[in-house]
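Chains A and B, in that order, are what the protein sequence lines are.
Its first residue numbered 181, the first sequence is counted upward by one per residue in our numbering.
Its first residue numbered 181, the second sequence is counted upward by one per residue in our numbering.
These are computed hints drawn from the structure, not numbers from a lab.
Hints should not be assumed to be uniformly reliable.
Put simply, identical chains are the same to the list, so a pair is met inside one copy or across any two.
[What the hints assert, rightly or not] Pairs of lysine to any residue, SDA-like flavour, derived with a Cα cap of 25 angstroms: (1) Lys-467 / Asp-353; (2) Lys-345 / Thr-582; (3) Lys-404 / Ala-329; (4) Lys-215 / Gly-502; (5) Lys-467 / Arg-433; (6) Lys-215 / Thr-531; (7) Lys-215 / Glu-570; (8) Lys-467 / Glu-586; (9) Lys-316 / Asp-231; (10) Lys-316 / Ser-217.
2 protein chains.
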Amino acid sequence: MTFESRWVQAPAHVAEAEPGLPEGFRAAGVACGLKPSGGLDLGLLVSDAPDTTSAARFTRSGVLAAPVLLTQERCRLDAIRVVVANAGNANAATGRRGIEDAARMQGGASMAAGIREDQVAVASTGVIGVPLDVDKIIKGILAARGELAPYGDDTFGEAIRTTDKFAKSASLDVALPSGTVRLTAQAKGAGMISPAFATMLCFVQTDAALAPETADLLLGVCVKRSFDRISVDGQLSTNDTAILMASGASGVRVAPESEDEVRFGEALDYLLRRLAMLIVRDGEGSKRVGRVVVHGGHEPHVTAASRAVADSPLVKAALHGGDPNWGRIAQAVGQAVHSAPLPVDIWIEDTQVCAAGAVRPYDERALAEAVAGEEVEYTVGLPGEGAEAEVFFSDLSHEYVTINAEYTT
Amino acid sequence: MTFESRWVQAPAHVAEAEPGLPEGFRAAGVACGLKPSGGLDLGLLVSDAPDTTSAARFTRSGVLAAPVLLTQERCRLDAIRVVVANAGNANAATGRRGIEDAARMQGGASMAAGIREDQVAVASTGVIGVPLDVDKIIKGILAARGELAPYGDDTFGEAIRTTDKFAKSASLDVALPSGTVRLTAQAKGAGMISPAFATMLCFVQTDAALAPETADLLLGVCVKRSFDRISVDGQLSTNDTAILMASGASGVRVAPESEDEVRFGEALDYLLRRLAMLIVRDGEGSKRVGRVVVHGGHEPHVTAASRAVADSPLVKAALHGGDPNWGRIAQAVGQAVHSAPLPVDIWIEDTQVCAAGAVRPYDERALAEAVAGEEVEYTVGLPGEGAEAEVFFSDLSHEYVTINAEYTT
C-alpha cells in the first residue's frame, strides 16, 4: 500500500523495501480459534540473534491487562527475543487467573522457540473481562512454530488485528552512514481505542545493532511523537504495547550520539508516525482525519488544549460533517485552559477565523471547501511563544455509534 | 409535566405548585427575530421588590462569552433584579463588540424595567462566533416590557430554549417552619453541551427573604450537586449561567443556620437536581440516562473516575445499545486513576460483575434485562472509604452525530 500524508513525509535516506522481516527475524500468524470468524488470531515473532536488544513502552492505564503486567514484571525488557500475541481476548480484568494464563503463554512460546522465558514478551487484544482459553493459544503457538519464516510478518500482522479494516505495517530500507539497515513494523488498532474490541499494539524490528539504551531512548522519543499524539475517541486502552527489537544481524552498529543514530531515529520517527496516522485513518467509523496544532508560551496549556480539541465529540462531529464550526474549537480550548478571558487565535487550514478571542471576517465558501478534504488542519494560538503540541484525530460518525452500541460482548 | 426519577425524590415538605412566578416577580418571552424559526428568543424577568437579593454561578471556561464577562464585571451579583436573556446567538468569541452589545442589552433592559444597570444580569445562548444583532434585541426588550406578567414564566422559559425538546421548569410550594414560600425555575440545555447551539442556563425565583450570603451559600452548594454532576458530551460551555433571585415578598425570612434554611436548601437541592436530570434526559439524541457512583478513600480519584466513566463515548454508546459492557467501565476508571494495578469493584444495578479487578461470574441474561430500562446505575468501588462522587449522563446515539455533524453554522 502506498502511504501518503502531507503531515508525515519520508526522510530522503528512507526508502520503501520489499516485504519481509530484517535479517535475524522470523514470524508467523495462525488461527487458534479465539476469533469467532476463524481468522488468524495468534502471532509468534522470534529473533534468532542471541544478542538481540530491545525496548518497550506500555499503556499508562491504572487497569493493566495481565499480559502488560506480566511482561513488565517478568521479562527483560532490554533483551526481548520473542513476542507472542493474540487477538480476540484482551486478558484484562481477569485477576490472578489472567496472570497465570499470560504466564502459560510466555512459557509455551519460550519452549517453542527454545529461548528463555524472561526474553518472551506477551501481548493480547480483544474483549475485556473474559477469561482466556489458553489451551487454544498453546496449540496455536505449536502450529506457529512450524510456520516461522522471514516473510511471516504479513500473517503475524494479520493475527494481531481485530476491527482494523486494513493492514498497518511497513518495511523500510534506511541508508545510514555506516551502511543500510532494514526497519519493519506491524501495528494494529482502529484507534487508541475501543477497549472491548481493539487496542493498540506495535512491534518493530531492525537488523541494525543498537545498545539497549539507544533502543530505549529512540523508542521513547518516537512513541511520544506518534502513538502519544493520536485520538480516535480519547479512550486509553488497558493493553497498549509497543516493542522495538534489534537483531544486529546486518552488522551495522548504531552508536550513541552518532550520525547513524540521528538518521536511524529519523527513520523510526517516520515509521511510527506513519503507523499512528494509519491507526487514526482506520479509527472506528472514521472518514476524515484532523490535525490540531496549538502553540503558545505554556507547555501544559498547549498540551491540554490540543488534547481537548482532538477529544471533543463536537469537533469530531463537525469534522465528520465537513462543517467549519470553529466555535467548537474555541469552546474546547476554553474548557482546557481556565485563565479567562483567553485571547485565542484560530486558523482552519490557511484561513484565520478568530483573532485574540474574537471572530474575524472570512470567506465562508472558501472555508467550507477547505474542510471538505480527507485531512483538515486546525491551528490554535495561545499567548506567548516557545511551546507547541499537535494531535491527530479521527472524526465521529454514525458508524462509530453503530460499532460501539450494537456490538454486545 | 409529572417528574419522576428514582434518583431525585421530592422531600416531604415540597409540593408541586400551580404555574406562576413567586410573589414579586413578572416575566415575559417574545420573538425578536434571532431564531430562524421565528420562535420566542428574548426573555425578560423582573423583580418588583427593591430589596431583592441574589446569587449567581457561571461557567469555568477560559473562553467566556460576552454576557458572562459583562454580568460578572458590571453587575451587583448579590442584588440582581432583572434578567435579560436571548437564544439564537451566544455572543461568544465576539471580542470588544460583543461586550458592547451585551452592555446595550443591559442598558436596554435597565431602561425598560426602570431599574439600575448594575442590577441587570445578561445571558445569551446559541451559535458561537457570530456578532449579535442587538437592534432586534432592543426592540424585543420593549415588546417584552409590555407583556410582563406573574404568569410569564412559561414564555420566558420558552424564549431561552434552543435544541431543547421539552420545557425545563418547575413551580414548587415549600413548607418552612416559618411559613410557606414559592420556588420556581426555568432552565434550558440539551446537555452541558453543544456550544454552537445550546448551553446551560437556569434562573430561579423565590418569594422567600434570603440574605445575599444565604442565597450565595445555598446556590453554590446546590449547583455543585446538580449542574456540576451531569454530562451529555463532557463539553464545557462558554455561556453557562445560574441565577437565584429572592424577592422576600412572602414575608417569610430564611435565617442563616435555621431550620428554615435547612428546609429551603433541601427544596432548592431537589429543584436543581430535577432540572439537571431533565437536561440529561433531553441530551442531544439521548434515549437512556446513566448514573455512575464511585466510592473510595481518595477524593480526587473518585471525582476523576466518575467523570471519566460519564464522559466516555464507549460507555455512552454501550448505554445506548443496552449493552452491559462493564469492561468499558473498567477501562475508563483505569484511564482516570493511574495507580496500577487497581483492585476495582464494579456493579451494574445490583449485580457485581468485577471484584478486586477481576471478572466475577454473573447471570448474563438478568444483566441484559437490567440495562434495558430508561435509567441504568453503575457503581464503582476503589480502595478505601469516605469519598464518593456521582455523575448523571446521557447516552451516545446516531441522533447526536446527526445533530452535531449535519448542522452548519
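Structure-based check of each hint:
In the homo-oligomer, the alpha carbons of Lys-467 and Asp-353 never lie at most 25 angstroms apart, since the shortest distance is 31 angstroms inside one protomer and 53 angstroms across protomers. In the homo-oligomer, the alpha carbons of Lys-345 and Thr-582 lie at most 25 angstroms apart both inside one protomer (15 angstroms) and across protomers (24 angstroms), since each shortest distance falls under that limit. Taking identical chains as interchangeable, the C-alpha atoms of Lys-404 and Ala-329 are never at most 25 angstroms apart, the minima being 32 angstroms within one chain and 61 angstroms between chains. Proximity of Lys-215 and Gly-502 under a CA criterion of 25 angstroms is satisfied inter-copy only: 23 angstroms between copies versus 36 angstroms inside one chain copy.
For the identical chains of this complex, Lys-467 and Arg-433 are neighbours neither inside a copy (42 angstroms) nor across copies (60 angstroms), given an alpha-carbon limit of 25 angstroms. Taking the shortest alpha-carbon separations for Lys-215 and Thr-531, neither the intra-copy value of 47 angstroms nor the inter-copy value of 28 angstroms comes in at or below 25 angstroms. For the homomeric pair Lys-215 and Glu-570, neither the shortest alpha-carbon distance inside one copy (36 angstroms) nor that between copies (37 angstroms) is at most 25 angstroms. In the homo-oligomer, the alpha carbons of Lys-467 and Glu-586 lie at most 25 angstroms apart both inside one protomer (20 angstroms) and across protomers (14 angstroms), since each shortest distance falls under that limit.
Taking the shortest alpha-carbon separations for Lys-316 and Asp-231, neither the intra-copy value of 31 angstroms nor the inter-copy value of 78 angstroms comes in at or below 25 angstroms. In the homo-oligomer, the alpha carbons of Lys-316 and Ser-217 lie at most 25 angstroms apart inside one protomer (15 angstroms), although the nearest pairing across protomers, at 62 angstroms, exceeds that limit.
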